[in-house]
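**Q** Next come the chains, spelled out residue by residue.
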Amino acid sequence: MSHVLVVDDSVSVRRLITSTLRMAGYQTIEAGDGQAALTAVRSAMPAAVITDQNMPNLDGIGFIRAFRQMPGSAGVPVIFLSTENADTLKQKAREAGAIGWMTKPFDDQKLLGVIRKVLGR
Amino acid sequence: MMAGQDTRRPRSARGDTTMVTLSLGGELVGIPTGILREVIEPGTITRVPNASAFCGGLFNVRGAVVPLTDLRIPLRMRISPPTEETRILVLDVVLDGTPAVVGILAEEVHEVTEVSGASLEEVPTVGARWPRHFVEAIGRKGDRFFLIPDLDAIFSEHLSSSEAVVALHA
Amino acid sequence: MSNDADDLFLIEARQLAESLEAGLLDMKSRPEDRTLVDSVFRDLHTLKGSGAMFGHTALATFLHDFETAFDAVREGRFAVTAALIDLGLRACDHAVTLLEGGEAAPGQALLAELTALISGGDAPAAAPAEEGAAPEEGAGSGDWQMAFRLAADCLVLGARPQVLLDELRALGATDLNPDFDALPTLIDLEPDRLYIGWRLRLPGHVTEAEIREVFLFNEEDLRLELTREPAGPPPEVEAATAPPAAGPVAMAAAPTPPAAPPRERTMMRVPAERLDEMMNRVGELVIAEARLAELVARTGDAQLVAVAEEIQRLATGMRETTMSIRMTPIDSITSRFRRLIHDLNGALGKSILFEVEGEETELDKTVIELLADPLMHLIRNSADHGLELPEVRRAAGKPEAGTIRLSARYSGAEVVITLADDGRGLDVGRIRARAEERGLVAPEAELDEQATLALILQPGFSTAETVTELSGRGVGMDVVKRTVEQLRGTIEVESVPGQGTRIHMRLPLTLAIIDGLLVEIAGERYTIPLAAVEHIIELPEEHAKRGDGSRFLNIRDQLVPFLRMRELLGSEGPPAPFQKVVVATAGELRVGLTVDRIIGSSQTVIKQLSPLHSTLKTFSGATVLGDGSVALILDVPQLVAFGQIRDSMEAA
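Protein chains in written order, with the working numbering: chain A, 1 to 121; chain B, 1 to 170; chain C, 1 to 652.
Excised from the complex, chain A in its bound form (with noise of 0.2 Å):
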């Protein structure tokens, strides 16, 4: 069974991404931030995971890192959140291994546009 992992500090945004996965069908786990989901990885490795940046104890490249340091990890796209057009940033999650990213503030249609790129269904 596969499910997609959704990591942010912030319950209501967290919230609001699962509510419209479950909606359109997928299954979710949620983390609050970067330690929470890789204990979650470890117990069950997801199909996708999708990551904010800014979280308490172990933050969003922080966690891809290790994330991807996993076997296992082979294969899962990652899906970095970001709050602005920082190239910086953004290359930085490429290289600590996530796929791509979304801007906040996103809307359902384009969540849900992503996560069929990414899982392709």
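Zero decoy hints are in this set.
Chain A side only, calculated, beta carbon under 7 Å to chain C, not exhaustive: (1) L16; (2) A74; (3) G75; (4) P77; (5) T83; (6) G100.
Pairs of lysine to aspartate or glutamate residues, derived as EDC-like cross-links and limited to a Cα-Cα distance of at most 20 Å, are as follows: (7) K104(A) x E213(C); (8) K110(A) x D6(C); (9) K617(C) x D96(B).
Bear in mind the hints are in silico, worked out from the structure with no lab data behind them.
For each residue, glycine too, the CB sits at the ideal point set by N, CA and C.
Could you slot chains B and C onto chain A? The hints should help.
**A** Quick look at chains B and C alone, frame taken from chain A:
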């Protein structure tokens, strides 16, 4: 406090109610089954020191602590010691604006009966020994009369009256 | 479903604003603390980001500049100053206003001030770098020749070339052929790298934008060659996009995140009703467990006893956890007091220090919330009327800055909250005069200092000639008293003229499950909260005789008033031999309660008394014992107070 009288509806406007009849002070009393939660056998009743005789006890119903009240006190009925037939009726009432659970003592519980609003009568102004403001109406079933107490009036009176306030004097 | 998220956002946003305010206030005393700066920055950033997600564009835009300013601070390009913090606090207020749908206009003024402050402006507007030339519509309808190669590591990152190809096919791609030019020999082949490229044709009506759309998320290291066939304008050749930085990546933050400020904990929001439900369940469990223990003890079966003990251990654990859930430390409301003092400092022209002692002391959540307004009022009073102006203080030899201290501590089964100031104290004479003026006390009535001071808690009393804007908000001292009493607590006023005033609030810990000491009086059982029990002694022979009028016991060289519970409770029958005295405390005072027998201690679930019994002050509640019977819980503070009254009556 004559709350009961103010809110009493004219006989004709009262609908039919299902009531449980019980014996109290040698007389018959009717309690609407709508507020009746259950009837239990009295177990251990804890005395509440310095409380009025009306609500001098506490008992346990499934983990809830419920006060035990004796309607014979406000209704000025004859008090007799408990027997094998004694039961407690657990009721849902309103105390001080909030829903509450209380128990009332019953010397014996009889049957549940349909009572039509039309058959109810006002308490006679003379000859009745019960305080009128505590009695809502008199019911009649065949050749027997039973008293329908105004529970709201009885409880409100108790909550506000000075007899309930007992200072810490030894 | 999005309504749910919207509600959550508002709650979260307010929480963020609070955290932001607290962080800014802390920065006043620790401006170099990096973790504070980081936390403030993070709060600004999260609030901005989620604000944008939920349609609060005014908020997001407003916060953007503040975020940038704090970014500058974070990177050491701008120092933390009092002015910046002050501005930050005002920005926080504005943010809250915006959340509640207020006017956005005031934000402009704040932003202007901010710019002025950080003049020399380091607000690097992130210039969005183009990812290539702007897409151009082919004027002609010539078909596209396309060759592309994805980044070698894209498979690891989760790219799916087959999905890409499907999408291209959906656009009408034809002549799709793989390009194996880059394929290494088998030995050098790394299984997780993509070496294959593709060539294809696309119909001319497909726009470049559509083509780019297909490669969304695969733009990094994408080598894309796109040529329009002749029939249109000169061919468009796409250069490869910028290759990734070859050098090592420099990270602004250290690879291991900085130690999070102690405040960070994973929090969860739970509707209060669910907590109450859980408390009830645990309560019922405790009762059932007690009954089980009793029944099992009678059987004497060792195995059963062992299991019953295990269940008891588990029930205790559960009880402790559930109890602690509703308990919140008082520091959850102290931040607004700090804010108040900060504002008052400016408005009153006085210098005020605010200290809090025992911030971690925990109280039931509802109790804390009810106390917040009364405490605000008391603090305002102290600041406004209690503390003198700096010149006056200096002349009196006091430090120029006045101190207001809030302290919270446990005392037996109570929590004591004290608000103290080192100001001018209360003028007993003036209070008396005012009270007489207001008809609160007859001129000839004799009152000691305690009683006189207590007059300020009466409704209709107010010592200030003018109710100032700061203190006069309808929360009079009498409301404070009423709130405390509503919580079954007591309030006491203490003052030394010239030195200051202290207001003590004693509140019972409203725990639903407590440890109770079960005692027997005339064959009836009662419970005493164990936390209030200091010790138990035998009633000395000389006091054991019935009818003996003595009211004091000498316990460790202290005279302790004692109450013969049998008399108080109207119990029947002769007292047992060897009665015990349970010495219980409430605050600094003690009372001895004479009982026939100590049965033991156990967890007891406190059940509220019915309104029918609410006037009986001797009892604070009832509990269900192991055998199913009900036992009343003695109200220790009331009994202590009664012991004192008796004491003074005796003295009279």
